[in-house]
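Work out the full structure, taking the sequences as your base and the hints as a guide.
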Amino acid sequence: MLQQLANGLFAGSIYALFAIGFTLVFGILRHLNLAHAAIFTTGGFLSVDLISRQGLPIWLAFPLVMLAGGLIGLLLERIAFRPLAGRPDEHFAGLISSVAFGGMLIALVQARYGTEQQSISSEAFPNEVYTVAGVSISLAQLTTLGLALVLMLGLAWVVAATPLGRAMRAVAENARAARVLGINVERVTASTYALSSALGAMAGMLMVLNVGQGDLGMGLAIELTGFAVIILGGMGSLWGAMAAGLILGLAEALTIHHIGSSWKDVVAFGLLFAILLVRPQGLFGTIKAREV
Amino acid sequence: MFAGYESLITTMALTGILAFSFHVVLMAGQLSLGQAGFASLGAYISTLVVPETPLFGGLSPVLVGIPVGMAVGATAAFVLGLPVMRLRGVFLAIATIAFAEVVRILMLNAEWTNGARGLRLERWVTPELAWFVLAILVYAFWRLGPSRIGRAFAAVREDEVAASSMGVDVARTRMTSFVASGAIAGLYGVLFAYFVRRIGPSDFGFSMMLDGLVVAVVGGFLVFFGPLLGSAFITMVPEVQRAAGLEAGWIHPFVTGALLLVVILLLPGGLSSIAGYLHGRLRRSPPPAPSTGPRAGNEPPELPELPAADTPVLTLNGVGKDYGGVHAVHDVDLELRAGEILGVIGPNGAGKTTLVNMISGHVAPTSGDGHVLGRKLGAAGGAHRVARAGVSRTFQHSKLFDRLSVLENTLVGTHLVSKPTFVRRLLWLPSARRDENRAVSQARRQVQRVGLADREHVPAAQLSYGDQRRLEIARALASHPSLLILDEPAAGMNRVEAAELSELIRSLAADGVTIMLIEHNVHMVLDTCTRVVVLNFGEVIASGPPQVVASDPQVIEAYLGSDETGREHV
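Listed in order, the protein sequences are those of chains E and L. Taking this note's numbering, the leading residue of the first sequence gets 1, the next gets one more, and so forth. Taking this note's numbering, the leading residue of the second sequence gets 1001, the next gets one more, and so forth.
Source of the hints: derived by calculation from the structure; they are not laboratory data. Owing to the predicted nature of the structure, the values given are computational and were not obtained by experimental measurement. There may be inaccurate statements among the hints.
Said to hold, decoys possible - With beta-carbon atoms standing in for the labels, derived distance ranges: (1) L:Pro1420 - E:Ile259: 43 to 53 Å; (2) L:Arg1506 - E:Pro88: 31 to 41 Å; (3) E:Val150 - L:Phe1537: 50 to 60 Å; (4) E:Gly154 - L:His1371: 42 to 52 Å; (5) E:Leu139 - L:Asp1402: 53 to 63 Å.
As the list claims (entries may be wrong) - A few chain E residues that don't get close to chain L, going by computed Cβ distances all over 12 Å: (6) Ser52; (7) Arg53; (8) Gln54; (9) Val180; (10) Ile183; (11) Ala190; (12) Asn210; (13) Asp215; (14) Leu250; (15) Pro280.
We put the CB at the ideal spot given by N, CA and C, even for glycine.
Structure, rendered in structure tokens:
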């Protein structure tokens, strides 16, 4: 039981890290970026490549994967979102263009690695397991939890306390007014995508470290969970995504323990559904007044 | 008949049918993505209920299954819609995705669906059948566009608030498109099942949803044949690639993605925007222009009588509105009688627009009570009920249906005085054409009245600011209102235009329309109105004939200032 909860916590920290990037873009730019899952998958495969094929030490692979994710994010914004700005169908078109970009990205991943699962070499990471109060915890899991928390808190700090974060919040409030006040909205938008995608790629790497392998479908599975997390936490709420990711990880673990693994997604989506109907702004979100 | 290509040809038709289930919600502005769930329920339930062998000597299971699947899909959409139709935009999208996922997982874990192993079926769907069904859908959507419900879809897509103030029941219209989407998705599910011969829960997953959305958007959801073009595009791309020898594993998805990106970036409105461009007027073919002189079908619809002069139209007793402690409007008493032109003036933030929003049913008062044309202020039912009672309004910030033409905007305004025509248009009944012509004639009259007759087919977004204000008035007039509320109609107009507007307002009043004019242009209000009310800080500070109000010292101090500043508003 306690073991299940611990496992849920580690899985939940990856959900949270994935979702926080997802929700960052939505919160600031109102874009639903469906390429986020593809970036997650790319991060996973890239980490296998760097560690197992190139033989890089893992501490070097972490920043490289994040950097690659950030660059892909810049590309994504430039290609799939910026050209649509100001169009009446921006909303629908952005969904489609991000699906298209994601599809191309996955195709490129497939070109390099094929459709087979890619396993990470077992010696890549010290296979230490600690036992605390009857619960066994691997070093990989601890690293995942630690890194995920550090990155999420780092993002929250960037948004709350840096000039970039202040500009982001201004753009979120009113992009036109922000532009009038001299904020470079294009640069803020690009930075938002870069940050979001760096975190998404990192979530993919942590996932691969935890399960030991990556496959082309890994993004699709977490994308749906990601929806549940951002709704649960409140669209655009960073703290909400963080908390909701952990809650969902724990809820899944409990479902697997009590009901059976085939039902774990029903719990996630049932929860999502209930939240949408009872509290559409999410557990931690706030209502924005609707203008008549 | 199509030797070697049966599969390709059938797939193309089925993809088109799936896309129509997205098309119908997108054209009403709803991002609903639960179609895979409706299709799954339709396919599973109909294939289990309908026997596998032909019934009644020769009626193939698919023909029996189609109505079953459509009924299942429509019912599922209705039941799901009851709670989720309150959601909008991305929230609706995610809720419906969640629904589809829950259906998939339930099907995977249920006994009767045979779980992940799926069901085996006979193939009953021929290319001819698939294309026949698609042809029916294309026909229905062609007939839908210029019908009353088709215009209501477009109006809800472009601006829900404006649609409701034209008397369109927004909730019901959204639900109608949602249920139609469920029925078409159920239809698709049945055809798909009897075509692929083996269905499993994962066939109806996230990727089916993405396919349908992509085809609908790439084809274009503003034009009835969009799904057809989208499906031809998506189905042919792999074929062309195969012919060109570009099918190595990753190249196919890469090229598909790249083409998708090109289409979406370069063609707002999808592939059908090319076809629409080539055919010029095809995409917004207006009914034929009326010939001169009265002829059957060219007279306006029968319009109800306006209230007799001097009967009370609006009474407010101590009405107020608080926004979290801020008194936007405080304790306002007001009576308006038929035939009056009431001017409401007051500085910015005086509560004029909040007052209008309460009267038109967009905002409920927090204190006091009032009646407008027999309806209690703040009564349940929403703004379209107030419109039905005979209130029509314009908005301070234009709320036009941007992608619709001047005439189409005004036609939405005729919603309350025209009849539903979609079913009769499907059957090609002459009475449908007659009713449509009447609505067009009513709309055209208003367009001419405000002086936009030469710009009938210009999209609203391309009009100048002053013309947009005029179009708002034409649209509001098209519903034949008893009470017309104009919220700053002269903003941005020059002196000549304002004088013309003043002339128009007086002529409307002469026709028996009661008018409430909210305006900053004080001289225009004093020239036009029979009575003036002055608001300041949410309270009435003066009321009476224009000359009396204009000389009221309190008003001069609060609003007019000196004579000089008063003139600045002109």
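Just double-check Arg53 of chain E for me: nearest Cβ-Cβ distance to chain L has to come out over 12 Å. holds (18 Å)
Distance rule for Val180 of chain E, whose beta carbon must clear each one in chain L by more than 12 Å: holds (18 Å)
Non-interface claim for Pro280 of chain E, where every Cβ of chain L lies beyond 12 Å: violated (6 Å)
Within 50 to 60 Å or not, the Cβ separation of Val150 of chain E and Phe1537 of chain L? Check passed, 52 Å falls within 50 to 60 Å.
Could you see if the CB distance from Gly154 of chain E to His1371 of chain L stays within 42 to 52 Å? At roughly 59 Å between Cβ atoms, His1371 of chain L and Gly154 of chain E fall outside 42 to 52 Å, so the hint is violated.
Does Asn210 of chain E sit more than 12 Å from chain L, CB to CB? holds (23 Å)
Check the following: the C-beta atoms of Arg1506 of chain L and Pro88 of chain E are separated by a distance inside 31 to 41 Å. Since Arg1506 of chain L and Pro88 of chain E have Cβ atoms about 37 Å apart, the given range 31 to 41 Å holds.
Confirm or reject the statement that Leu250 of chain E sits farther than 12 Å, beta carbon to beta carbon, from all of chain L. holds (19 Å)
Is the Cβ of Gln54 of chain E farther than 12 Å from every Cβ of chain L? holds (21 Å)
Status of the stated non-contact between Ile183 of chain E and chain L (beta carbon gap over 12 Å): holds (24 Å)
Ser52 of chain E clear of chain L by more than 12 Å, beta carbon to beta carbon? For Ser52 of chain E, whose nearest Cβ neighbour in chain L is about 21 Å away, the distance exceeds 12 Å, so it holds.
Does the no-contact call for Ala190 of chain E survive, Cβ to all of chain L over 12 Å? holds (17 Å)
In summary, the numbered hints that this structure violates are 4, 15.
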